[in-house]
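Asker: Sequence:
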Amino acid sequence: AGSQVPQLEIGPAIESAGNSGAASGLVVGSPAYMSPEQARGGPVDTRTDIWAFGCLLYEMLTGTRAFSGQAVEDVVAAAPDRSPDWARLPASTPAAIRTLVRRCLEKDQARRPQTIGEALQAIDGVQQRSRRRHIAAAAVAGLLVAAVGTSAWTLRRAERARWARNTAIPQIAELSNNDKYAQAFAL
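Sequential numbering of the sequence shown, starting at 29, is according to this note's numbering.
One thing to keep in mind: the hints can contain errors.
[Claimed, not checked] Cut-off 20 angstroms, straight-line C-alpha distance, at most; resulting in silico cross-link-like pairs (DMTMM-like, lysine to aspartate or glutamate):
hint : residue 1 : residue 2
1    : Lys135    : Glu146
2    : Lys135    : Asp102
3    : Lys135    : Glu187
4    : Lys135    : Asp152
5    : Lys135    : Glu202
6    : Lys135    : Asp207
7    : Lys135    : Asp109
In short, the hints are calculated from the structure, not lab data.
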């Protein structure tokens with residue numbers, strides 16, 4: 029079977045925060061992305077959407093959902109009671125992204141990023157470091173090309189000097205001694 033693109037409902041947490049559904053215990057949202065407070069029917073805010081973002085980020089990095097179960101009830105119960113399998117994050121995941129995913133999936137709302145802007149700053153920081161690494165790699169590659177070119181030019185120059193000293197000058201001297209100036213000049 030082919031890959032599936034995860035669907036994420038960002039927004040229902042904010043929409044339900046002020047309505048009577050949240051107060052009456054009505055749970056709104058995609059079960060796999062529900063925060064602990066949302067799963068309990070408690071008050072929600074933007075940090076609930078930060079949790080959903082963390083779930084999606086975890087899923088994008090690992091290929092599996094952060095919280096799963098056999099039935100919807102199992103999935104909803106997983107968020108408050110279990111932690112994702114952090115070992116599933118690829119070893120190549122930058123430390124700043126690992127930290128971001130963990131912060132987004134904090135059980136305590138107060139420990140999560142307070143806005144999506146905070147989360148995006150962490151991602152931007154990783155991208156900027158990555159760009160700097162690419163620029164540094166390009167600079168090193170450029171220096172290597174220059175070094176190889178300079179070495180090749182130096183070797184070629186040394187080779188020509190050897191040829192001139194060992195072959196051309198003795199032949200020119202011989203041709204000049206025999207009054208064959210045109211041939212000596214051509215050499």
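Asker: All hints, please: hold or fail.
Answerer: We went through each hint and held it up to the structure:
no.	hint	verdict
1	Lys135 <-> Glu146	holds (18 angstroms)
2	Lys135 <-> Asp102	holds (17 angstroms)
3	Lys135 <-> Glu187	violated (72 angstroms)
4	Lys135 <-> Asp152	violated (25 angstroms)
5	Lys135 <-> Glu202	violated (93 angstroms)
6	Lys135 <-> Asp207	violated (99 angstroms)
7	Lys135 <-> Asp109	holds (9 angstroms)
When the structure is compared with the earlier hints, violations turn up for hints 3, 4, 5 and 6 and for no others.
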